[in-house]
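Could you build the full structure based on these sequences and the hints that come with them?
Take 7 as the starting number for the sequence shown in the working numbering and just add one per residue.
Worth flagging that the hints you see were computed from the coordinates, not collected in a lab.
Everything hinted at is true.
What follows is a list of derived Cβ distance ranges for each label pair: (1) 38 / 164: 30 to 38 Å; (2) 39 / 13: 16 to 24 Å; (3) 43 / 158: 35 to 43 Å.
Ideal Cβ placement from N, Cα and C applies to all residues, glycine included.
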Amino acid sequence: PDYIDCPDAPAFTGVSPATVPVVDAFVRIAQRATGFRANRIGIVGYSRGGGAALLWAARMHRPNRITSIAGMVTGQLAFGDLTPEEIGTSVVAEARGIRGPVLLLHDRGDSIVPISQSADLAAALAGRGRRLATHWYDDCGGRACNHDWIFDARWRADVLDRATSWTLRQVA
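So this is what it looks like as structure tokens:
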């Protein structure tokens with residue numbers, strides 16, 4: 007199969023209020039396992055994972071460093087279905103609650119989660135004076151591409167290097 011079944015995993019709720027305690031539990035486990043304070047723990051999320059980490063940061067007002075790769079942050083998809091919990095949830099509308107630095111990586115041609123979502127969040131964070139870094143990729147060559155652009159070997163290494171090096175600098 008294309009996935010590994012995990013029967014003990016929490017139910018999938020996407021980018022929604024129901025996800026916030028799940029992300030919080032993971033962060034608390036990481037804190038206990040490492041002994042690090044919250045501002046020394048970075049979270050890297052892709053698509054709904056990036057949106058869920060950002061929603062958690064906004065709702066919990068925690069100083070964690072968040073990297074969102076093609077993050078879904080407006081409660082909208084250009085293609086595909088939202089979970090019932092996701093309808094009406096917008097990280098952009100709650101950006102004022104994000105306290106820690108944020109890195110946004112997105113491809114301009116992403117046809118599933120349009121780059122406008124990351125651009126809108128970047129504007130909201132910049133308007134509040136938050137520490138923000140962005141990188142917009144043009145690797146789809148100006149054409150629409152599938153949301154899985156980061157898995158293409160041509161730019162996967164760059165995405166991972168940017169996310170890793172930025173996160174490590176932030177938590178140092």
